[in-house]
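Student: Below, each chain spelled out in residue letters.
Number of protein chains: 2
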Amino acid sequence: MLSPLPSARAMVPFVSVGNMMRLVHHLGVETVLAELTDAVEADFRRWESFDKTPRVASHSRTGVIELMPTSDGTIYGFKYVNGHPRNIAAGLQTVTAFGLLAEVATGYPVLLSEMTILTALRTAATSAMAARHLAPRGTRIMAMIGNGAQAEFQALAMKAVCGIDTVRLYDVDPDATRKTMRNLAGSGLRTFACASAQDAIEGAGIITTCTADKQFATILTDNMVGPGVHINAIGGDCPGKTELHRDVLRRSDVFVEYPPQTRIEGEIQQMAPDFPVTELWQVVTGAAPGRRDPRQITLFDSVGFAVEDFSALRYVRERLAGTDFYETLDMIADPDDPRDLFGMLQRAKAATR
Amino acid sequence: MLSPLPSARAMVPFVSVGNMMRLVHHLGVETVLAELTDAVEADFRRWESFDKTPRVASHSRTGVIELMPTSDGTIYGFKYVNGHPRNIAAGLQTVTAFGLLAEVATGYPVLLSEMTILTALRTAATSAMAARHLAPRGTRIMAMIGNGAQAEFQALAMKAVCGIDTVRLYDVDPDATRKTMRNLAGSGLRTFACASAQDAIEGAGIITTCTADKQFATILTDNMVGPGVHINAIGGDCPGKTELHRDVLRRSDVFVEYPPQTRIEGEIQQMAPDFPVTELWQVVTGAAPGRRDPRQITLFDSVGFAVEDFSALRYVRERLAGTDFYETLDMIADPDDPRDLFGMLQRAKAATR
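If you're matching them up, the sequences are chains A and B in order. Sequential numbering of the first sequence, starting at 1, is according to the numbering used here. Sequential numbering of the second sequence, starting at 1, is according to the numbering used here.
Just so you know, the hints here were simulated from the structure itself, not pulled from any lab data. Hints are supplied without guarantee of correctness; some may be wrong.
Stated by the list, open to error - For lysine to aspartate or glutamate, the following EDC-like pairs were computed, each having C-alpha atoms within a straight-line distance of at most 20 Å:
| no. | chain 1 | residue 1 | chain 2 | residue 2 |
| --- | --- | --- | --- | --- |
| 1 | B | Lys-52 | B | Asp-72 |
| 2 | B | Lys-52 | B | Glu-35 |
| 3 | B | Lys-349 | B | Asp-330 |
| 4 | B | Lys-349 | A | Asp-324 |
| 5 | A | Lys-349 | B | Glu-103 |
| 6 | A | Lys-349 | B | Glu-30 |
| 7 | A | Lys-349 | A | Asp-337 |
| 8 | A | Lys-349 | A | Asp-330 |
| 9 | B | Lys-349 | A | Glu-30 |
| 10 | B | Lys-349 | B | Glu-318 |
| 11 | A | Lys-349 | A | Asp-336 |
| 12 | A | Lys-52 | A | Glu-279 |
Said to hold, decoys possible - Derived coverage of chain A by chain B (criterion: at least 3 residues anywhere in the stretch with Cβ under 8 Å from a Cβ of chain B; other residues may be distant):
| no. | region |
| --- | --- |
| 13 | 101 to 112 |
| 14 | 286 to 293 |
Please read these numbers as outputs of a predicted model, since none were measured by experiment. Cβ coordinates follow ideal geometry from the N, Cα and C atoms, glycine included.
All chains should be modelled from the sequences, with the hints used to inform the complete structure.
Tutor: What follows is the structure, encoded as structure tokens:
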């Protein structure tokens, strides 16, 4: 008996923006950030089991659209993500994203999800994971330079994972800082609006930069940065976009996700191709040292890597089980006889008459 | 006033499998195939305006998952597609796909669509476009070797675009041939079940091969192929998967979509890297000759290229206008203030209380 209805495998669970927000609130934002940090770390621990490739970027005058695939041999994942700094002026997000997981064995998708919110969460979780290994012990104060869409997620992840209790905020636009302070009110974090980047980093053990201009910028110059800090540089994430003066890089021990991608997109695009870096996964496994010295400057030159999105999508998939925070999409044509795609099409005609 | 509802830009039109089938029947299968052929040809005519890159493949023991991006500078598109020959044994499709269009200027998606059915249609349309330029004049008979999911689409496209009235069918599995004959009954095509590939190509001016094994096969050997035919080789579409004996290639003038991809994935992976080929878009624009001689053997070594999917998605987007053959997905997080992603998340919590 040939059924006109799609099979279970033809239906793909889809997490909309609305459902992602419901899921996050159901679990609690800080819980999600802490659990995601562990999920990302678990995948960094098995880094070598991933099929890794630099993302596939399509650049235009206004921005970039990227596809970020990876696989652990059992599950395949990819993210679609754009980066359009000028979108803000038009009232649009600079970064929007969605992602997919599929079974390697069959190629059938098993999850489609919004990833604008999820990328914000996983970026903060990855920063927190790096800081857990690299930040000076006992740090309670972070500086957050660039108070855009990522700022609150960064602050809450550093609170949940690293014990940060104070956030010193700076943005070229004071409205952005006010927005961040308003959103963090009631979070348990003490927040301070600072008059400059220099002011913001005063006393901070973790300095996070996350600005959005697509250009070579110097948010931090060498004379600003004292010893014994961990810098988390997020905003420099594509060719031609950096945030730190190269002299800061020279004084720091630099940690990266995936060197072939970071050398093109990260802060170290300013440096020679053999500029020494440590792969973060090696710190996680213990194969390479993290922080060796309280006076050392550690720098996580973060550009975002496909494995982190994979971790985030798998985490969402696990957490969805038993909830109703998803719809199912009739996305895969799956006729009863796989060779009879045309017959399925014909029967659909009969069914709609 | 901050709205808890997603903006219009946050909602992405989605064409499910069910709606794709409704759209196709609303327009008529042959009309879609003919119009798609013109749409693909129009984009081949402006081939040089596309950002082209070989697809990004993730290979496993059982198959391949690929991402196929392209852009014309205004619209960006990509397709997710798998190829898992052994899926048939499990009752699954060997090829499933979905695709997306986005605005280059903002990176915001504007269409998400199933592409399993659409890929079948665009593959047939691309074959018909090639045959329109390359097949011997007055051909009324085609041979269809491999009677799987693609067979009926190929036959109907060749009917609609090239005036084929007779299809000679062969498959190693007679059930597949019976399925194809059953589906083509009432189409106006005369169909014949043939006992062998040799038998099927008897008198045919267009010979289409579309078999699914992931291995080096020789569906056509040199002594089988007479002069004055056009061969449309579809099944050889990834490394290690070919259908024709190399001697057939040597006697043919070979036309391809995008040489960097075809030399790795197509029939010509069997030949030297400098084996002469003609790019099909040059035939379409008149920059290179198509068929020059009635006795010539022309061969379209088709592997499927991102531009064809782009054409197909754009065609669907145009044809959707004014219909209700789509849903909208809340896929893009789009807060009123683009920097206030976290605030949107917070307000959603309040809204669901």
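Student: What hints, given by number in increasing order, does this structure fail?
Tutor: 2, 5, 10 and 14
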